[in-house]
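Using numbering that gives the first Met the number 0, the letters of the sequence shown correspond one by one to residues 0 to 351.
Heads up, a few of these hints could be off.
EDC-like, lysine to aspartate or glutamate: derived pairs with alpha carbons at most 16 Å apart [said to hold, decoys possible]:
| id | residue 1 | residue 2 |
| --- | --- | --- |
| 1 | K196 | D242 |
| 2 | K322 | E335 |
| 3 | K273 | E284 |
Since the hints were derived computationally from the structure, they do not count as laboratory data. For clarity, every value in this text was computed on a predicted model and none was experimentally measured.
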Amino acid sequence: MQSRFHYPLLQLFAFVVIYIINAASYSLISPESLTQFGSQIKFIIQALLVVALSHFVIRLGYKKISARLGSKNQPLLVILLLALVSGIALYQSQKVVTTFFSPSADGERIKVETLEGKQRPFVEKEEQYLLTIISYWAIFSLWGFCYLAITNSRDKKQLKQQLQAQQLKSLMNQLNPHFLFNAMNTIRGMIYEDQDKAADLVTQLSELFRYNLSSGVKVSTSLQDELEICRSYLAIEQFRLGDRLQVNMEISEDTLSAQLPGMALITLVENAVKHGIAPLPEGGELKIISTREQQQVLLSISNPYQTDNKAPGTGTGLSNLAKRLTLMFGPQAQLEQSSLNNHYLINLRFPL
């Protein structure tokens with residue numbers, strides 16, 4: 000069950016328990032109260048008041064105190080919450096205690112009829128005086144500490160998600176200059192070779208920049224969008240490399256909607272072209288294959304490379320991607336590298 004449902008369920012549980020305790024307590028004195036419409040409304044209103052008090056007073060008060068004191072003063076927060084729930088317990092038990100233990104109008108305590116038909120005082124021992132208060136206090140204390148545990152867990156989860164989003168954006172800011180720097184170098188080299196092609200290259204690059212700017216504000220994107228930016232990037236590289244760069248894409252339709260970190264695929268493609276195919280005099284073929292394996296996507300990128308060069312994929316982009324995958328998917332994502340017969344292969348697995 001998702002954590003966002005825990006708090007409403009806790010409040011519903013508190014409402015039901017309070018209603019049952021009130022109804023049971025008053026029914027001991029007056030069994031017919033269970034069938035009286037007015038009494039039922041009273042029990043419901045009392046239970047709703049406690050839930051409303053906890054939601055609008057305890058919850059908001061706890062958040063304000065927590066924001067001021069911070070996690071280092073957690074024991075004080077527990078004490079404050081304990082005091083609040085104790086106050087609610089005393090308030091709820093006050094009417095019951097008064098009815099059970101206070102003298103009636105004629106100065107006598109309320110009496111009940113035993114199974115033998117005899118009259119006896121409702122309370123025979125003073126210990127029972129405290130029993131009602133203790134039972135209410137125990138119920139509300141249990142509710143209070145369950146509430147504290149759930150809100151703490153939820154706050155920690157939200158804080159972790161915010162931290163991960165900030166880290167992802169920070170890594171994206173590191174990646175974008177790296178990618179744009181390589182693209183500008185491509186334009187610079189083309190200007191000296193063919194000015195007409197350089198003009199076309201600028202047009203392609205403007206489209207690439209537009210996507211790059213829009214993706215900079217997102218920490219994740221679809222595989223389909225990543226493929227589009229890869230096609231623009233590869234078009235730019237084919238201006239520079241010509242027939243030395245061959246591209247083969249085999250994309251499964253049921254993987255296009257899968258989400259992955261922004262600029263993930265372009266990082267792998269750029270790595271394959273820059274470190275693998277471009278240094279080869281004869282060039283080579285870049286393969287991009289996506290397949291679905293149950294509830295995961297397998298994305299494979301392969302390319303030839305020179306064996307006397309250092310292994311491709313040791314730069315900033317690849318290590319950056321590994322960090323972003325961990326932040327986004329945790330252990331459910333794997334980035335695997337291998338080489339065989341002068342071919343370099345990267346397998347990226349992530350949840351669908």
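Each hint, compared with the structure:
Proximity of K196 to D242 is assessed by CA-CA distance (about 15 Å); at most 16 Å being required, the pair is judged to hold. Of the supplied pair hints, the one linking K322 and E335 holds, its CA atoms being roughly 14 Å apart against a limit of 16 Å. A C-alpha spacing of about 13 Å is found between K273 and E284, which places the hinted pair at or below 16 Å, so the restraint holds.
When each numbered hint is compared with the structure, no violation occurs for any of them.
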